[in-house]
Each structure stands twice: as structure tokens, then as C-alpha cells.
Amino acid sequence: MKFYKMSGTGNDFVLLDDRDGTLNADLATLVPALCHRRNGVGADGVLVIERAAGADFRMRYHNADGGEVAFCGNGGRCIAWFAHAIGAAGPRMSFTAGDGTHTAEVAGSRVKLSMRDPQEIKLNFLLDLEGRGYAASFADTGVPHVV
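Note that my numbering numbers the sequence shown so that position 134 is 134, with each residue one more than the last.
Hints are computed from structural coordinates only; laboratory data are not their basis. None of the values given here were measured: they were computed from a predicted structure. Just so you know, not all the hints are guaranteed correct.
[Claimed, not checked] Each pair of labels, with its calculated beta carbon distance range:
no.: 1; residue 1: 54; residue 2: 138; range: 21 to 27 Å
no.: 2; residue 1: 54; residue 2: 120; range: 25 to 31 Å
no.: 3; residue 1: 52; residue 2: 130; range: 41 to 47 Å
no.: 4; residue 1: 138; residue 2: 85; range: 31 to 37 Å
no.: 5; residue 1: 129; residue 2: 65; range: 15 to 21 Å
no.: 6; residue 1: 53; residue 2: 131; range: 32 to 38 Å
Glycine is no exception: its CB is placed at the ideal position from the N, C-alpha and C atoms.
Based on the sequences and whatever the hints tell you, model everything.
Right, dumping it as C-alpha cells:
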């Protein structure tokens, strides 16, 4: 299996090109093995590029545990650069993901990416984890994030 590895703003990804539709892998099983930091390639997740009607390509994203989620912003930037590098898209492109359609523009090593507006924002709340309180904020940008 041919794969690529990229890093974007602190996240690292394994990228798979499945535009020909021949990737017949059980990604829920394959992804944790690929992403394992000791026994695999090591990554935060796996990005798969596929053909799409009405867009340059479709992005699928699986977290390191194998679960597929709608979108990842850093992953979106990486897959846009990758798509341009392999000739799947020009420097200005559109692609679909689980949360809808995105546009991106590649200029050298920089990528500008459109993202949907956050659907829900909660600022400065106390998060209780196993009896310990943490100051946190929440935003859903296609995938829920707590920081």
C-alpha cells in the first residue's frame, strides 16, 4: 500500500490516494494500526482522497482510533496541498467532506481553506473530569472541539 505522511500545524497525518477506488481496506481496523506511534507509521489520523461529483475530490478523515469524523481543519489544509501536488486539483479547488463543501487555495507551502462557521460556541465553563475541574471552551467547527 502506497501512503504519504504530512504534518500541518502540529498534527500529523497518513494520506491515502483512493481516486481509483481500489482501496478495499477495513479502515476502522487499518487506521489504528497505521497510526500507532510505536508499531505503525504514527499519526493523529488518516486522510483519504476519493473522486467526487461536482468537486475536485472528496476528503474522508479517520481519527487515530479508526473512527470516521466529518472534518479536520488541519487535515483539510494537508489534503488540499496533497491534492494539488499529485495533480488531483489545481491551485484553487473545491472538495467535499462529511460537513459539506470546502474551497482551498494553494500558494507554495501555504494553504488557505474555507471552513463553515462554528455551529455552537460555549466559552469559559468548568469541565469536570474524574473529580478535577478544568477551565474550558467549546466550539463545533464540523467536529466538536474542547480547549
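So, going through the hints one by one against the coordinates:
1. 54 / 138: 21 to 27 Å: 32 Å, violated
2. 54 / 120: 25 to 31 Å: Hint holds: Cβ distance 28 Å, inside 25 to 31 Å.
3. 52 / 130: 41 to 47 Å: 42 Å, holds
4. 138 / 85: 31 to 37 Å: 34 Å, holds
5. 129 / 65: 15 to 21 Å: 18 Å, holds
6. 53 / 131: 32 to 38 Å: 50 Å, violated
The structure fails to meet hints 1, 6 from the earlier list, while all remaining hints are met.
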